[in-house]
Amino acid sequence: MKFGIIQFPGSNCDLDKLWVLQDVLKQEARYLWHKDTDIGDLDCIVVPGGFSYGDYLRTGSIARFSPVMKAVADHAAKGKLVIGICNGFQILCEAGLLPGALLRNRSLQFRCEHIFLRIETTKSPFTNAARASQIIRVPVAHGEGCYFADPATIEELKKNDQILFRYVDADGKVVDTASPNGSVENIAGICNKARNVCGMMPHPERASENALGSADGRVVFESILNHLRGSKPQ
Amino acid sequence: MKAKIYVTPKKAVLDPQGKAVANALHSLGYSAVGDVRIGKFMEIELAGADQAAAKKQLDEMCHRILSNPVIEDYRFELEG
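Heads up: the sequence lines are chains E and C, in that order.
Per this note's numbering, the very first residue in the first sequence carries number 1221; after that it's consecutive.
Per this note's numbering, the very first residue in the second sequence carries number 188; after that it's consecutive.
Isolated chain C, as found in the complex (with noise of 0.2 Å):
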């Protein structure tokens, strides 16, 4: 199984770096371009082929060391 992780900066923590993003994009004239935040994309391999169990360590790998829960919200898909 492949897992596909998102890791995004939680609503109120300022993202400095999707900001700078943003400004960038304005000044090459994307003016309809509003907010941008940046965050991770991850992919995870994983053996066995329990879904149930797959993603019960998925999400105790994204609370405990992928994301950090006081700054970041996750989400993740997987794959067969």
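Chain E extracted, bound-state conformation (with noise of 0.2 Å):
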């Protein structure tokens, strides 16, 4: 499968996703500069962490405007698969592929630890090699991860069952201490309803090998794989 991971000025996630992809789960993956806009050959884009364009303005709001940008709408207009990790949810947000804003963390403080996250739906390209309602161990590092949209939307979010991670205890337990930002209702990554885009501001490629503390965040890769692999002839 063919992965390309984006840089913008400013992403500092990027190798983190080309080690993952490359070297743990030997994937066919290459950087695509802010600038390139010739991306028709990949499967899935990948949409990194970091402070693009400093957070200048909001977070991602310049980002959207880099001309990869449109061939990544174009991407995911055809069905393709795109996933927005930390600032690329921010990034995803303002561009309008996926519903709602990331502000704030409600605590004011930048947040750079473990927490848990709750797998809420198996009916994704990002989350099918989950368990039903699996418990993953994976660190977030954000100041402005804080998921807001108006109570319309989060009903729309829920009805087509567009929530695919929460916040949650060592239980697994929806409760506000164990949000590291307020977000809404302790959402963690949401997909739009086409369900080929997700965002999510926790970092799964931080935690895809055992020698980082957690092998956990793997399982989203492996979700990919399993949704490409599916529809693609060998």
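To be clear, the hints were calculated from the coordinates, so they are not data collected in a lab.
Among the hints, erroneous ones may be present.
When the alpha-carbon atoms are kept at most 25 Å apart in a straight line, the in silico DMTMM-like pairs for lysine to aspartate or glutamate are as follows [said to hold, decoys possible]:
| hint | chain 1 | residue 1 | chain 2 | residue 2 |
| --- | --- | --- | --- | --- |
| 1 | E | Lys-1300 | E | Asp-1263 |
| 2 | E | Lys-1343 | E | Asp-1389 |
| 3 | E | Lys-1255 | C | Asp-222 |
| 4 | C | Lys-191 | C | Asp-222 |
| 5 | C | Lys-197 | E | Asp-1275 |
| 6 | C | Lys-206 | E | Asp-1370 |
| 7 | E | Lys-1393 | E | Glu-1364 |
| 8 | C | Lys-198 | E | Asp-1275 |
| 9 | C | Lys-198 | E | Glu-1364 |
Work from the hints to combine the two standalone chains into their complex.
Here is the structure:
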């Protein structure tokens, strides 16, 4: 499978993602510069974390106008996969590829720690390899990860089973104290209605090998591979 | 022309920054202080003299990039 990882000025999780896809999961993967538009051969685009354009104005607000993002929108419109992680999630929301927005953490603190996530649905290209309600331990590292959408949009997300991950405690319960940022309904990650675009604040790529303290995040990438293998003639 | 643009968080959006500043003002003894909301102020120099065209462009700019309509409201003033 072919993956493309976008590099914006200020991206800083690009190498982690290349490592996981290329070296851990043995897939074909390459960097895409933010000015690239030739991405037609790729199966999945990864929008990485970091501080694109210095987070100026709003997180992701300038990156979304990069030439590559037009190509990403076309790629998504064809039903191909896009996953945005951390700053990537913020960029996909700003670009209108996902509903809602990410606000400053309720605590006003930058939170960098391992948290627990509950997989809320396995019916997505990003979670199909997980068990129902599986709890995974992965890190977060963000100052602006408080997911917000108006109540009508939240209802819509629930109705369409678009909430993929919620922050939970170690027992899998959705409680306020389990959320590092104060997101509406402890939402940590969602997909679009067509289910081919995903955004999440936590970093599965930083928890994909036991040497890093947790390999729980691998399930996200393994799900993507499952999905791509299933949808492609071998 | 010069445009003065104000971008503010929508009423329904939590503003933890405003809350922290309100708490600080209270602890300094300003007990009359109620809700505090923090937004952004921008000044933009614009070429040309056509006010109507400038307003149209500013609306577009505010909508597309200077504010995020999901979480923010905006307004602007234009000085000749």
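These are the hints, each one checked on the structure:
1. Annotation: proposed proximity of E:Lys-1300 to E:Asp-1263 holds, straight-line Cα distance about 6 Å (limit 25 Å).
2. Under the criterion of a C-alpha separation no larger than 25 Å, the hint pairing E:Lys-1343 with E:Asp-1389 is consistent with the structure, at around 23 Å.
3. For a cut-off of 25 Å, the pair hint linking E:Lys-1255 to C:Asp-222 is broken: about 43 Å separates their Cα positions.
4. This hinted pair checks out: C:Lys-191 and C:Asp-222 have alpha carbons roughly 24 Å apart, not beyond 25 Å.
5. A threshold of 25 Å between alpha carbons decides the hint, and for C:Lys-197 with E:Asp-1275 the separation of about 20 Å falls inside it, so the pair holds.
6. For the proposed pair C:Lys-206 and E:Asp-1370, the alpha carbon gap of about 20 Å is at most 25 Å, so the pair holds.
7. The suggested pairing of E:Lys-1393 with E:Glu-1364 holds, with an alpha-carbon distance near 23 Å, which does not exceed 25 Å.
8. A hinted pair counts as satisfied when its Cα atoms are at most 25 Å apart, and C:Lys-198 with E:Asp-1275 qualifies at roughly 23 Å.
9. A distance of roughly 19 Å separates the Cα atoms of C:Lys-198 and E:Glu-1364; the hinted pair therefore holds under the 25 Å criterion.
Of the hints listed earlier, the one the structure fails to meet is number 3.
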